[in-house]
Structures are given as structure tokens and as C-alpha cells.
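Enquirer: Sequence:
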Amino acid sequence: MTRSSTPRTALGRGLIAWLDRRTSGVGLVVGALFVAAALTPSLIPRSPEIQGILAGTCFAAGYGATVAAGMLWRYLQLPGLPDRQARIVVPLMGLGALAIILVFLARSTRWQNDIRAAMALPPSEGAAPLIVAGHGIVVAAALLIVAKLLAALVRLVSRHIARVLPPRPARVLGIVITLFLAQQVFSGVLLRGVVRSIDTSAQALDALIPADLTPPTGAFQPGGPGSLVAWQDLGREGRIFVANTPDPDSLTAVTGRPARQPLRVYVGLNAAPTLEARADLAARELERAGGFDRATLVVAMPTGTGWMDPAAIEPLEILHHGDVATVALQYSYLQSWISLLVQPEYATDAGRALFAAVHRLWLERPPEARPRLYLYGLSLGAHASQQSLRLHEMLDQPVDGALWVGPPFVSPLWQTLTAERDPGSPAWLPQLTTGEVVRFTDGRRADIGDGPWGRVRIVYLQYGSDPIVFFRPDSGFRPPGWLAYPRAPEVSDALRWYPIVTQLQLAFDMAIALEVPMGHGHLYSYVDHIDPWVAVTDPPGWDADRLAALRAHFRAREQALAAP
Numbered sequence: 345m346t347r348s349s350t351p352r353t354a355l356g357r358g359l360i361a362w363l364d365r366r367t368s369g370v371g372l373v374v375g376a377l378f379v380a381a382a383l384t385p386s387l388i389p390r391s392p393e394i395q396g397i398l399a400g401t402c403f404a405a406g407y408g409a410t411v412a413a414g415m416l417w418r419y420l421q422l423p424g425l426p427d428r429q430a431r432i433v434v435p436l437m438g439l440g441a442l443a444i445i446l447v448f449l450a451r452s453t454r455w456q457n458d459i460r461a462a463m464a465l466p467p468s469e470g471a472a473p474l475i476v477a478g479h480g481i482v483v484a485a486a487l488l489i490v491a492k493l494l495a496a497l498v499r500l501v502s503r504h505i506a507r508v509l510p511p512r513p514a515r516v517l518g519i520v521i522t523l524f525l526a527q528q529v530f531s532g533v534l535l536r537g538v539v540r541s542i543d544t545s546a547q548a549l550d551a552l553i554p555a556d557l558t559p560p561t562g563a564f565q566p567g568g569p570g571s572l573v574a575w576q577d578l579g580r581e582g583r584i585f586v587a588n589t590p591d592p593d594s595l596t597a598v599t600g601r602p603a604r605q606p607l608r609v610y611v612g613l614n615a616a617p618t619l620e621a622r623a624d625l626a627a628r629e630l631e632r633a634g635g636f637d638r639a640t641l642v643v644a645m646p647t648g649t650g651w652m653d654p655a656a657i658e659p660l661e662i663l664h665h666g667d668v669a670t671v672a673l674q675y676s677y678l679q680s681w682i683s684l685l686v687q688p689e690y691a692t693d694a695g696r697a698l699f700a701a702v703h704r705l706w707l708e709r710p711p712e713a714r715p716r717l718y719l720y721g722l723s724l725g726a727h728a729s730q731q732s733l734r735l736h737e738m739l740d741q742p743v744d745g746a747l748w749v750g751p752p753f754v755s756p757l758w759q760t761l762t763a764e765r766d767p768g769s770p771a772w773l774p775q776l777t778t779g780e781v782v783r784f785t786d787g788r789r790a791d792i793g794d795g796p797w798g799r800v801r802i803v804y805l806q807y808g809s810d811p812i813v814f815f816r817p818d819s820g821f822r823p824p825g826w827l828a829y830p831r832a833p834e835v836s837d838a839l840r841w842y843p844i845v846t847q848l849q850l851a852f853d854m855a856i857a858l859e860v861p862m863g864h865g866h867l868y869s870y871v872d873h874i875d876p877w878v879a880v881t882d883p884p885g886w887d888a889d890r891l892a893a894l895r896a897h898f899r900a901r902e903q904a905l906a907a908p
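Going by the working numbering, the sequence shown opens with residue 345, and the numbers climb by one from there.
Cβ pair distances, simulated, as ranges: (1) Val520 / Pro654: 47 to 53 Å; (2) Phe524 / Ala621: 36 to 42 Å; (3) Arg604 / Ala461: 42 to 48 Å; (4) Pro654 / Gly634: 19 to 25 Å; (5) Ala906 / Gly600: 25 to 31 Å; (6) Arg840 / Met415: 28 to 34 Å; (7) Gly768 / Ala574: 51 to 57 Å.
Rather than coming from a laboratory, the hints here were simulated on the basis of the structure.
Note that beta-carbon positions come from the ideal geometry of N, C-alpha and C, so glycine has one too.
Sequences and hints are given; from them, build the entire structure.
Expert: Printed below as a string of C-alpha cells:
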């Protein structure tokens, strides 16, 4: 019996010794608490797969932060847990961490279903916790293995440095060098490689022309006969935007009144070798097509992929019976949130170049012959559009107004206006003194502010559940203002702020901000653009009954788009 039990005893002792030496009991508990916080709701409902990836990332973050703190504790030679106690406490902490995770896994489905119900989504299936756990284990293990490899590299570098420096300075310098090398590899090799791959794939997709998408035949349309821009140089999103221009009959069918065919001008990334040349080409094509002879002219900035949102442009064209010209310029192939992280200057440079080119030709016309000039942008395009203006232009010959939809959190003007909002107004729906120039709406209110407008009218349309708008770089260390009560209608009461975890939740939310029904997150609806455009452009002849009929028309459109 003694001989047969010896291997088991040795194995048990070896396991306890390994846990004592290699595993942080406090790290397991902190990691479990991070997982628990990650399973609570945020702005966007998450699939079990995304939830699992987030949970695994949070566990690794919590465990890693605790291990790093422990290293600093030991470096300062502060007292620690005796070995005998550690052999007992570490396994118990592991069991406690497992219990925490199981309890919150059981509750996570209900939390997610509460958000899904608010957005009219079907509930998650019963197997969701198992899927979350499976993905979380894989992600956490992978991240911890990477951390172990980095720790081994720290020890290797430190040993070499210790040949010429004392052990402690060598250790610190080894950590600094390893972190620097890791950052360089991640940002310089992995991140750039991934972005380059995505960009190349998107560029190839941009060049494809479906057989059912034919060039326009009208002489005034971009890509058509006599156009300065070739059909293939509009890019994929530009061709879709131009090809889907509504005709006068379709506008009349909605309004019951005579209409013109709207003018849509778009220039893709391949149309000219430089940004300035593309912007100049867009302005000249706008002039050739008669855009400066329309009553309303909109300088629009698309999203990062070049997409122009029909939910924004079509309501405007209907409200003005087609007497609208819209000019847009592509600046990227990447999704807005990726472009925002790796190349934000592309958007701002493009916005400035396009506005300057169009504004120059607009100023050449007599004041009485100029169309009313407006700005529009969605997502990263809203950021670019806000940056396109210069102070002297607004003081000298100001634009008539702007509609900026889903402005990203990096937008300086939006940040200033939100920070300087009237006391008592929520961060997700600011109010500004008399509201004569700038007003905010979430699309749920027909009345966009009270009182008269000034010379310039600017409206921000933003949903309270839009993480592109409400992500904050410091949300890992302080609660964002939009969490205060009263909250936006679609923001869960169960949403709480947790250090570090909330920032990770919002970062994941940004990546899936379009994976929601229209009217939530970063997917803005047709109906919710109507009142902002009415407020900004003041189209004549639209009373309450006609506007109600227009909303009903677009609600039917949205229902048709949502149907399987």
C-alpha cells in the first residue's frame, strides 16, 4: 500500500508545488471578477462567441495585472504569504474563482436578453453559457501563454544584462526592453500586416463591378457620357451610391408633387493619384453636372469604407423634391473604427480638401445665385466633416448648416460642445444655452430644441447606444458621463462601470456596433434622419401631416429591409 500510494502522494505534492510556484491565487480571483464584470451588459448585445472572447480577454487582463502587481510587491521586498499557507490558500482561491465565474455565467444570458429585447432581437439560446465558457477558456489560455513567453524573454534579457549590472536594475531594464520589443512587433509587424491585408482585400473588392450594376446613361451623372470621372473610378460604394439615385417619378410617388432627379457626385480613391487632385476632380464634376444650380448643395463625407448611407440622403432628396446635389469623396477602404485607429488623418485631410475645392467654386458665383450649402457626415465621415471648416470661412461666408451623424468620440468639436453643455442636460443628449446654432437629438424626438434658429443650423444625431460616439479612452479609469442618470432609453439599468473592464467592453462594442437592428447602435434609421434634416434645411411645404406620412413611408421601407 505504501509503495502504491507513493506516486500519488508525489504527484499531489508536485501539483501543489506547481500551483504555489506558477499560479497566483489572487490573480485567479481578480481574473474571475473581471470575467464577472465582462458578462454584465454594455451598449451592444453580444453573441455568445463575442461574449466568450471578451470574457477570456478580461480574465487574462485581470490575472496579468495582478501578477504584475505581485512582481512589484516582491521587488519592494514587502511581506508575502508563507509557503505553508499558500499551498492551502491558492487551491481554495481557484475554487472560489470558478464559483464566481459559474454564477455570473448563469446570469449572463438574462442580461444579454434584456438588451436584445430592447432592440427587438430574439433571445439567446440556452446553450449560450457553454459557448461563452468554451471561447473564453481558449482565448484566456492563448493570452496567458503569450504572457508566459514574454516573461521568459524578460528573464533571458535580464540574465544577459545582469552580467554588467546588479540584478535588480537588470530586471527592470529587461522588462522595459521586452515591453518595447513587444510593442514594436505588435504595432509594426502584426497590426500593420493585418491592416495591410484587410486593405488589400477591400481594394480588390472595391474594383469589382457586378454585372447588374450598369453605368448611368444621363449626361449629367458621374460615370455616364461626358463625365469627368470614369465609371470604374467611382469605386464600389460610389457606383452603388450613384446607380441608386432615385428618379423623379419615384420621388413624386412619395410626395405627390413634381420632382427633379437628384444629383449625386462621387469620386473614388483610384480616380486621381493625389488627394488634392481627387478633391478638385469632384468639384469640377459637380460643376459640370450642374450641382451649383441646385437649390441645396451637400458636401458629404462617407464612412471609412466609402459607404454613403441611403438612410440619410434619400429623406433629404424627398424633402426637397429632388432639387439637391450631393458630392462625396472616398478616402479609405477600411471600416471606420479600424481607419479611426490606424489612419485618422486620412479622413480629416480628405474632408478639408473636398470642402475647400467645392467652397472655392461656390464663392465664385454671385451670392444670389449660390445654392444653400450644407455639410453631412456619418461616423468617421462626421469627424472629417467637422474638421473641414476653418474659422475665417465661417466668419466670412458661412455654410448654412450641417448634419453630423454618429460622430466618433475623437471629434474635437463634439467633445467641446458635450463638455460645455448646460448643467443638468445628459451627456448623451446635450443642450446648449439657447440652441440657436447647435442642437443634439437621438432621433426619438420630433421637436429638436426650442426657440428660433440663428444664421447657421447644426444638428448632431446620435443614439445613446452608439459606442462609436460614447467610447472614451479614459473609461477604464473613470465612469463616462453618459452612465449618469437619466440614461438613454436603450441603455440597460444593469450596466455598471468597472475599472478596465468597461473600456474593454466598449472596445468590443465598437467592433460590432452595426450588428444591431436599424435604429440602434451605429446603424441609423431612415425615419430618424427626417426631423434633423427638416431642422437644418427648413424645406418648404411640409406640415405635420405630410411629415407623418413620410415617416410612415420610411417605416415601411425599414420593415421591408428587416424582413428575412
